[in-house]
Every structure is written in structure tokens, then in C-alpha cells.
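Asker: Okay, here's what each chain looks like letter by letter:
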Amino acid sequence: MSLPSFKLLRPRSIEEAVGYLAKHAGTIQILAGGTDLIPSMKQRLFSPAYVMDIRGIEEMQGVHVVPGVGVEIGALTPLSAIEDSEFIRRNYRVLHDAAVTVASPILRNMGTVGGNICLDTRCLWYNQSLQWRRSCGFCIKKDGDLCHVAPGGTRCWAAFSGDTPPALLCLGADVEIVGPKGIRRLPLKNFYSGVGDAHLKLDPNEMLARVFLPESSSGWKGSYQKLRVRGSIDYPLAGVAVAFKKNGGPVEAARVAITAVNPAPLLVPGSDHALVGRQVVDEHVATVIGELAAKTGKPLTTSALTPEYRREMIRVFAKRAVLAAARS
Amino acid sequence: MDQFSIIGKRIALVDSAGKTTGQGKYADDLSLSGMLIGKILHSPYPHAKIKKIDTSRAEALEGVVTIVTGPDAPNKYGILPVGHDETALAVEKVRYVGDNVACVVATSESVAEKALELIDVEYELLPAWFDPEDSMKAEKEWIHPQRPNNIEKDYHHVFGDPDKGFAEADLVVEHRYLAAEVTHAAMEPHSTLAAFDIDSQTGKPGRLTVWSSTQVPYYLQHKLSIVLEMPMAQIRVIKPLVGGGFGGKSEVIPLEIIAAVAARKAQAPVKITYTREEVFWAHRGRPRTIIDLKTGVKKDGLLTSVAARVVQDGGAYCSYGVVTILYSGALLGALYDIPHIRYDGYRVLTNKPACGAMRGHGTVNVRFAFESQLDEMAAKLGIDPAEIRRRNLLKPPCITVNNLRVQSYGLPECIEKVVERSQWKQRKGKLPRGRGLGIACSHYVSGAANSIIRSDMPHSTVNLKIDRDGGVVIYTGASDIGQGSDTMVAQIVAEVLGISLSRIKVVAADTDLTPIDIGSYSSRVTFMNGNASLRAAEDVKKKIVAAAAKKMSCAPEDVLMRDDMVWKRGTSQPHSNGRGAEKLLEKTDAPRGNVQEVSGRVEGQTLRGSLQQKRKEEGPKDSMSFEEAVVSAIDFSGSLTGTGSYAPPKEARGGAFKGAGVGPSPAYSYSAQVAEVSVDEDTGVVTVHKVWAAHDCGRALNPVSVEGQVIGSVWMGMGQALQEEMVWKDGLLMNPGLLEYRSPSSEESPEIEAIIVESVDPEGPFGAKEASEGSLAATIPAISNAIYDAVGIRLRESPFTPERVLAALRAKKNASKALEITRGSDPSAPTAFREHGGSTWFKDKGPQRHPEDPARRVTTAHTVGGDD
Chain Y
276 MSLPSFKLLR
286 PRSIEEAVGY
296 LAKHAGTIQI
306 LAGGTDLIPS
316 MKQRLFSPAY
326 VMDIRGIEEM
336 QGVHVVPGVG
346 VEIGALTPLS
356 AIEDSEFIRR
366 NYRVLHDAAV
376 TVASPILRNM
386 GTVGGNICLD
396 TRCLWYNQSL
406 QWRRSCGFCI
416 KKDGDLCHVA
426 PGGTRCWAAF
436 SGDTPPALLC
446 LGADVEIVGP
456 KGIRRLPLKN
466 FYSGVGDAHL
476 KLDPNEMLAR
486 VFLPESSSGW
496 KGSYQKLRVR
506 GSIDYPLAGV
516 AVAFKKNGGP
526 VEAARVAITA
536 VNPAPLLVPG
546 SDHALVGRQV
556 VDEHVATVIG
566 ELAAKTGKPL
576 TTSALTPEYR
586 REMIRVFAKR
596 AVLAAARS
Chain W
1216 MDQFSIIGKR
1226 IALVDSAGKT
1236 TGQGKYADDL
1246 SLSGMLIGKI
1256 LHSPYPHAKI
1266 KKIDTSRAEA
1276 LEGVVTIVTG
1286 PDAPNKYGIL
1296 PVGHDETALA
1306 VEKVRYVGDN
1316 VACVVATSES
1326 VAEKALELID
1336 VEYELLPAWF
1346 DPEDSMKAEK
1356 EWIHPQRPNN
1366 IEKDYHHVFG
1376 DPDKGFAEAD
1386 LVVEHRYLAA
1396 EVTHAAMEPH
1406 STLAAFDIDS
1416 QTGKPGRLTV
1426 WSSTQVPYYL
1436 QHKLSIVLEM
1446 PMAQIRVIKP
1456 LVGGGFGGKS
1466 EVIPLEIIAA
1476 VAARKAQAPV
1486 KITYTREEVF
1496 WAHRGRPRTI
1506 IDLKTGVKKD
1516 GLLTSVAARV
1526 VQDGGAYCSY
1536 GVVTILYSGA
1546 LLGALYDIPH
1556 IRYDGYRVLT
1566 NKPACGAMRG
1576 HGTVNVRFAF
1586 ESQLDEMAAK
1596 LGIDPAEIRR
1606 RNLLKPPCIT
1616 VNNLRVQSYG
1626 LPECIEKVVE
1636 RSQWKQRKGK
1646 LPRGRGLGIA
1656 CSHYVSGAAN
1666 SIIRSDMPHS
1676 TVNLKIDRDG
1686 GVVIYTGASD
1696 IGQGSDTMVA
1706 QIVAEVLGIS
1716 LSRIKVVAAD
1726 TDLTPIDIGS
1736 YSSRVTFMNG
1746 NASLRAAEDV
1756 KKKIVAAAAK
1766 KMSCAPEDVL
1776 MRDDMVWKRG
1786 TSQPHSNGRG
1796 AEKLLEKTDA
1806 PRGNVQEVSG
1816 RVEGQTLRGS
1826 LQQKRKEEGP
1836 KDSMSFEEAV
1846 VSAIDFSGSL
1856 TGTGSYAPPK
1866 EARGGAFKGA
1876 GVGPSPAYSY
1886 SAQVAEVSVD
1896 EDTGVVTVHK
1906 VWAAHDCGRA
1916 LNPVSVEGQV
1926 IGSVWMGMGQ
1936 ALQEEMVWKD
1946 GLLMNPGLLE
1956 YRSPSSEESP
1966 EIEAIIVESV
1976 DPEGPFGAKE
1986 ASEGSLAATI
1996 PAISNAIYDA
2006 VGIRLRESPF
2016 TPERVLAALR
2026 AKKNASKALE
2036 ITRGSDPSAP
2046 TAFREHGGST
2056 WFKDKGPQRH
2066 PEDPARRVTT
2076 AHTVGGDD
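Protein chains in written order, with the numbering used here: chain Y, 276 to 603; chain W, 1216 to 2083.
Treat the hints as calculated values from the structure; they're not laboratory data. It is possible that part of the hints are untrue.
[To be verified] Residues of chain W placed beyond 10 Å of chain Y at every Cβ, according to the derived structure:
| no. | residue |
| --- | --- |
| 1 | Y1241 |
| 2 | I1453 |
| 3 | K2028 |
[Unchecked claim] Incomplete in silico selection of chain Y near chain W, CB under 7 Å:
| no. | residue |
| --- | --- |
| 4 | M276 |
| 5 | L283 |
| 6 | L284 |
| 7 | Y325 |
| 8 | R505 |
| 9 | I508 |
Just so we're clear, the structure is a prediction, and the values are computed from it rather than from any experiment. Just so it is clear, CB atoms sit at the ideal spot from N, CA and C, and this is done for glycine as well.
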């Protein structure tokens, strides 16, 4: 399969990139690591007139500690840099644990934090070649107007399948968006729409530039548990991130988030109440979190393994994540 | 001194350096000047008549050279003489989603892909069949009109008196087993480059040369000859390096024919390389199989009777299907002593890609059923699972009830070894909850005693040429597909001639240069091509020995050859610079051995002069170098060549009943395995921790290669056991890529202890038998039996995915949630195939096509999403 033809743009600064976005909005795709975009372009899920390779933008690279404020992570930081960062591992454990599970070592060298946050939603009926989709019948998300996952439905249920966003949600991360009107910053939880075929609240002329981790969530205990068939390569079929603050005393703050079972990564409502104030994080509270997480998830036939099984695993993995975080 | 100088030594494969450094050339690495790229248009429908193909818009696209369609090459072909049901491109109708409709030849891949969008095809949809048991009931619109009820072939074999056997049994157990469809997933996708020479006399396209990723160059040459209506002598097939076959390249794959037809029409070289999705459509893997198995045993565990009804979902073409369904029945025999066998086999056509041969061809799924059932019966009778297998061993040499001749039989030792190494007696049944051990056995042919082309010609022929430089060139038709056949023939010849490997050059799998070998499949190469190599080397050795005997004034039988030296029996072995064959290998900078010692010059004629001079000075001698002996032989006879061929002996060729041709083999390999697994009872995830795999390969010509094959077989079997499955929805493959097909990664690979058992077969080359396939089948039941040991559930449907395991665990606990997870289907007692294939992932989620959906339109003439 060949790539569709396109013009390649290689900006060296955010300003230049924003200029290109403004000029070609709607016909341009941003390439960071390319691990998701390139295969998708071969499958003709995207046939943009322009591909903007932003890897040359220095100011979007790297992990920077800002004392008293937190950590600033450039959108172009490779996932392997998160994996290898002792600082992240020590202070933001859940993010480290999640980054380690993404795809395979080779893909983590190319794949970026920003790419993982913006990752296109996935569905077995969507991530297929043009020929395949034509044989099957095109779906809402691309070229068609019906859904194979929920026949009769008009809403796209393609699942958000990034591993790091649930961890970032647990840490209360903010994202910085750049666009023609300048810079805006918003909590990551407000970045996702919950709709499979337009999953980001990002205008066509905007771009994710940085992620901020607040210092207030530094040192939280954390764990990420991922359901997959293989121990490497696979996207999550369900994923649960848990992080809480506990220093000898009771749990002071907590968040639980899930991924790969909804069109967006979601914080699990009620999980903070269930955890905060607990002197001991035990099997009992873990079970409660498992129930809450399973209630939040809405797995459908967007991926391998049955939805029922995946819901069940959200329960099991949430429980395990809570207990693992307690030990972390 | 060792009995052998290079046989049985752990040596690196002779082609490994090129592969590991990237220097090696595979088919897709090749290019010719003026080469064009071919891209195939595939059917979007599972079953439809082609009413019209309009290629005019595509032809108008700049860069498109020509477009080939079915009528350009309508001759039918197929790998089996009884199954000529394929054409290069669909002639009247398409039979599966992915069937080949047209081929665009263009200056680049992207132009060709664009042109595919511009071909307008008018289809008339026909009812399609996706489930073999439904398909067998079809009364009209058969997939191939000459195959009523869509049954490709059915066989009904009775050996002994099965009913009497069941009557004598103390325990009879009967179950239905299901095995999902799996595919080879070879690393290298299929690729073919075809080019015609211009005939110097006529100026028209003359001879055809095809470079292709194939296991069977000779069959390819033969089928090309049928389709292109060219004499075989005008066709040359060359096999470059092949990146794995596993059976997927053991027959002629559509692109191989299409590339040649396209090259002829385009009058330019054409290369076609499949995308991974196209590899899945070309497929020819292991069919989804329904096995109704009934076994009878006495109280002491002795088998009295076996009855099997096997239905295989063969896909839209015959492929190897008739052979597959026969292997499923025939290899019920030759492993254990079974006095009575009934076998009913149905190979059924469905509107899906054709299934064919895959590692362990035909035997794997039935073996899973049999070994699982045997384990279950052992548990019921309170007999140790290893012990019940021991009690049912054959007593070779013998002929089984279904006419299979068994000579060497290392199974008892295989069982003994894995029981000992796994500490079976101390640990079985005593591991903590959730962890268990399981045992199973399997076997496989060392090549089929009757070739599929029903010819009496030798199955393998090998030629040797030796020149004055002492270099030995082996011309063999054996196709090295990564299994190491080039190394195998080199070792055999080196051993016979007593020379180092570095003297040997292997010219293989080029139909212009190498004698006919019927191909690399059914694990026949070591046994058959190895025997031919052995005979060729002995033939040439005779000539060398005769000349050397004369020079040394002794009888030919007193001439000894080893370590690149030739000497007279009774004298001590001459010093060959202290280098044995292995050591010479390591010293790659001295590729011609001890030539330097002889004369200081290496050119043939000079060498000859100096040797004669030397001889005059020295008179008769007790020893000489290999070169000297070779020169004497050439001086004596004018040239030095040898040839050897192999055809299986009559006694190994089986019975006379219908279908008796499949199953017989000159020798069978044997395997016993113990798997140690743990089961996570919360998630249903099965982890394989270790597999002890003992394989009787007769003699390990190269132990490292044998171990590699055993490890690969176990790993591939584990994939089928736990996670691999082709998932279908209305004839549409839901996982046509390696991301969603999910072969195990290195993360899931357990420790595999490969144990070599050498039974030394009386007819194998140096006693060798097959090593590449026989170990696969035992892995699946070894794992299912270990799961039973760990958590007490019997899984009768493969793969043992987490949701199936969890459902079975819950069913066992009678939990009400048990059935929800796999949607109404209890995997511990499946009675029918689920809708559309092995999984319920997509049940009730079918493509109800929207009226406006472009795919609904009968003509598909859309450029979709393409603003490029």
C-alpha cells in the first residue's frame, strides 16, 4: 500500500506551524511520531493535501521541571523519554507506568506524548483498508453514515485507545493549545468530546503544544493496568489508571480514569469520594472502585474480546490498579 | 574420533550471514530495468457473477500500461490434479471477498492503486455460504457447479471393526471439538517478479523467467505452463531467499500466475508484492474444523476404537483441501496402537479465502481433539496421562490398521524424556491452584510416500559437479524457505566426501539449473532430497575413490576420506593442518582449505602441472589431499559429476482403498510435550511458563537447526492454542493484519526446552527424519490438558481466549454470569459453530448497508476520500 500524495511542510517554530495551520486548515494533518498517522494514511483514513511534520520544533521537546509549579512536557517528547525519566518515575508514577505499556519499544521511540493524547479513536470497522471498508460498507467515522458497532445508531462509538491520557487525567494535567488566537490552556479532561468521530475539542487550525503536570500531584502513588492480548505491541482493550495522595496518613486526594472502552478517556465519577479519607487502601475499597469503573465504561464491539468481557476486566483491573498503587 | 565429521554438529545455516546483515535478496528486493508494478483489484463481494468489467477509465490514467482481466488467461489450474478450479483472475464469478478480479500494470505502485479505483465492475450478487454445515445443505448456486452441495470431497473410511471395538470398551467418550481458522503469518509477504526474454529469431516474447517467494518452484513452472500455454522448457522459475512459508507458499498463489500473465501483456517485467491484507486473502492456512470424536478404552486404558467425523471449512477453492481432509483421518493412525478406526471427513466449500496446507497439515486440529479426549479418559479411569499414552504405544516395525508402515519409533523415549525433565511424577497434580502440567503427543510424515502429482518420477534428484579446484557444486531443487535445506544438503555431501563445508556451493531451486524436486512441503526435504544428495555424493565418491585407490595402490574399499584428506586404510590419518571440518569453517579467509599446502598455486592447470611434478618426485603414497584425489579422478574420466535420486519404496506407499495415497510416508517423526501453565482465575488469562518438547527426528543432522524448528513449532502451536484466530463477519475478515491477528510476541514466548530424540531411521539419510512440523500439534492439547490440571476446566474450542476460559471457569462454578461473557455460548460444551466463524466478537453487528452507502451500488466507481 502506498501513501497518498501530499505536500510535506516542515516548520521550525510554533509560530510557523500555526501559520501553516491557518492557511491549510481542514486539508492538513500534523505528523509528530507518525506511528498512527502513516498506517492510517496508507489505509486512506486520511488523504490530506498537506502533511506538517512538526518534529523540527525545538520548543515542543522535552520534560522541564518548573519549581513550585510542576512539570512541563513538550508534545513532541517521545514516550521512551517518559519511560526513561527517573524524575517522572519517582514523582508521577502512574504516567511512567502507562507510558511503558504503549505499543513496543521501537514505537515508543517514535511515538510522542502529544500524539498519544491526540490519538485517533479506533474501531475494528474503521481501522481497515479502503478496499476492506468498501466491501463492508463505509461507516459514520469515515466516508459513510451508518455504524457497524451500534446498527441503527447515528453516533460514532470508536474507542479512544491511548494509554497515557488516563494517567494524565489522574494527575490533573492541563494541555496548552496554540492557534491563530494565541495560546489557550485547559484541563485535559475538557479536551475530549466523547464523540468517536470528532473526539478532540480542537479547532482545525489549532495544535497541542505542551502538557502540564501540577506539582500538587507530584509524589502520588499510582498504577496503570492494561488489558491486551499480547504483552507488547497491542493497543489497550481496556485500561485503568489510579493515582492517590497518601503519606502515611489517610488518602488525601485520588483520581481513577479509564481508557479504551469509551470514545474518550474518562475520570471515574465517585472514585475520589470512595478513596479519600481511607486510612488503609484494601481489597474492600478496591472492589468499590472496580464497580464504579465498570459502571463508567461502555465497551462495544470496537475491538477484540467481547464487550462483556472487557467490562468485566475493567472491574478486575481497576481493583488491581488500586491495590498496586497502594503498594507503589 | 566421532563417527561423523560434520553430521550432528551444531553449525550455523549456510545462508544466515546474508539474512542477518540484510545483504540477502528476497523476491521483493529484486528489480529489473523497465520493471512495472502490478496491483490487483479484489472482489468486495463474497459471491457474485461478474456481468461486466470496464477498464477504460483506468487505462486512460497516465502511467497505466495495461490491465489484465480473467479472459486474458482463462485456463484453470490448481495444486492438485483433482482440484483445477482456479483461474489467474476471475472469469465468470467471484467467490470470496478478496477474490482476484483484475490487475493493473503501471509505472508505480501509487499510479496502479489509483487506477484500481477507476475500474468499473458490474456484479450480480449470489447467495453466499460462510458456515460449512450450512454450506453442505445448499441446493443451488453452488460455489463451483461441479461440486454439488458445496462438498469438495468426502471420505468414509472404516478400518477393522469400530462397532465391535466400542462394544468391547469399558469407557466410551464422545465430544465435539472446534478449532478456529488460523494462518501462517510468514514474515515475508508473497512477491513475484516475472519477465519475458525477447526471442532473437522472432522478436516476440520468448522465454519466461519468474522469481518468486515459493516453496514449490517445480509446481509453479508446471502451472505457469498450463495457464500461459507455454512449454515448461520455456519457463524458468527461480526461488530467491524466502522469508518463511509454513505451507502458505507451498502451492501456486494467484499473484505468481497474474504477474506472468501481466508481464506478457505489458511486454515488460512486472513485479507484484502482496500487502499484508492480500496475504490474508491468499491465505491457504489451517481451516476451521469441527471434530466429532468418539473414543473407546478398556479399564486399563487400552484403546479399543476411535470414530471421528471431521468437517473442514475449506473456503472457495480446493487448494490442498482433498489432501488436508485425508491427513486428518489417516494420521489418526501411526501414533498409537488403535485396532479399529472409523473416519468420515468432509471438505466443504464456503465463500471465504481458500484454506490449504499449514505446518502440521491436516493433523493438528484432530490431534488437539484426540489428545484432549485421551486426557479426559485417563482422568476418568484414574490413570496417569503419561501412563495411558505409554500403554497404547505401537510395536514397530509394524503396519497400522490403516496401512501405514512404521519403522523407527522414538515416541517411548520422547515421553520418557519429557516426563523426566518436567519432573512430571513429582509435580503433576501437586502444583498450587491455578498452575498445572499437561502432556500430549503428536507425529508427522517425513514427506508423502505418494506425490500429489501421481507420477512415478523420483521425488528428488540432486546433481554434483566437482572441478579441479576441489570445489563441489551441489545442484538441488530443494527450496530453502528458512528451514535450512541448503545447509542440510551441504552437510550431507560434505560428510560423504569427507570435506569441509567451505568447499561446497549450493545451487538450489532454479528450474533451469537444478533437477526436479517436488518442493518444500510435508516435511519431505531432509528425508527425500537428503537421500538424493547422499546418493549423488556416494556416486561421485565412488569415482574419486577408484582413482585414488589406483594412485595409492590399494583396493577402493581401503580408501578413506575425511577432513579434506584421502588416505589408505591401515595408515594413520594424515595431518590436514590440524583443521577439522568445523575449524575450517571458522577460518573463512581460507576458503579453499589446504590448497596452499599442495602447490602454493591454486589455478587448475598450474596445479595439475605442479601435482604431476610432485607425484613423480614422491612415487606411490599412502595419502593425498582431496584436490589431488579429485584431479586424479578428473584425469581418469574427463569430468567429475554425480547424481542421485530418491523415490519412496513400494512398501511405504500404503493401501489400495480410495484416499489411501495420503498418510503413508517412508518414516514418521514423533513428539511428546509437557506444558506448564498458570491460569488467572479473575481474568481467564492463560500463561505458558515452560514447554518441554521432545522430538524424534531420527538423527539430528544439525541439532541447532532441529531445536530451532521444534521451538518454532511449539511457539506456533501456542499461538493457535491461546490467541490466533481468523475472525469472519459475512465473509469479511475482521482481522486482516498482524496487529489484530495477534501472533504471540516475544513477551508471551515461554521457555521451550527442545529435547532431541534420535531413533535413527533405517531409510533416512544418516537416519534422519523430519523435524519441522511434527511438534506443533502436541502443543495445543498439552496446553489444554495443563489448563485442566490447573483449574479443572476442559476447553474444547480453540483458541483458549481469556473470555472463553473465564466463561468456562464461571460455568464450572455455576455462576449465572457464565454465559454472558461469550454471549450464550458455553465453550465447555459447544454444539455448533457460532455465527460467522470462530468467535462471537461481532455477533449481531452485521453490515446492514445504508441505502446511500457507496458499497451498495452495483458498480464501484468511486474515488473515496481521495482529494490527492
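Asker: Minimum Cβ separation between W/K2028 and chain Y greater than 10 Å?
Answerer: holds, 14 Å
Asker: Restraint: Y/Y325 near chain W, CB-CB cut 7 Å. Satisfied or not?
Answerer: violated, 11 Å
Asker: Are Y/R505 and chain W close enough, Cβ to Cβ, to be under 7 Å, as the hint says?
Answerer: Holds. Min distance 5 Å.
Asker: Regarding the hint that Y/I508 lies at the interface with chain W, is the smallest CB-CB distance below 7 Å?
Answerer: This hint holds: Y/I508 lies near chain W, its Cβ roughly 6 Å from the closest one there, short of 7 Å.
Asker: Checking hints one by one. Is Y/L284 an interface residue toward chain W, by the C-beta closer than 7 Å rule?
Answerer: Not OK, violated: Y/L284 not within 7 Å of chain W, min 15 Å.
Asker: So, as I understand it, the hint says Y/M276 touches chain W; can you test that by seeing if any CB pair is closer than 7 Å?
Answerer: holds, 5 Å
Asker: Measuring Cβ to Cβ, find out whether W/Y1241 lies farther than 10 Å from everything in chain Y.
Answerer: Its Cβ never comes within 10 Å of chain Y, the nearest being 18 Å, so this holds.
Asker: Given Y/L283 as an interface hint, is the shortest Cβ-Cβ distance to chain W below 7 Å?
Answerer: violated, 13 Å
Asker: At 10 Å, judged by beta carbons, does W/I1453 keep clear of chain Y as stated?
Answerer: Holds: least Cβ distance 27 Å, greater than 10 Å.
The structure fails to meet hints 5, 6, 7 from the earlier list, while all remaining hints are met.
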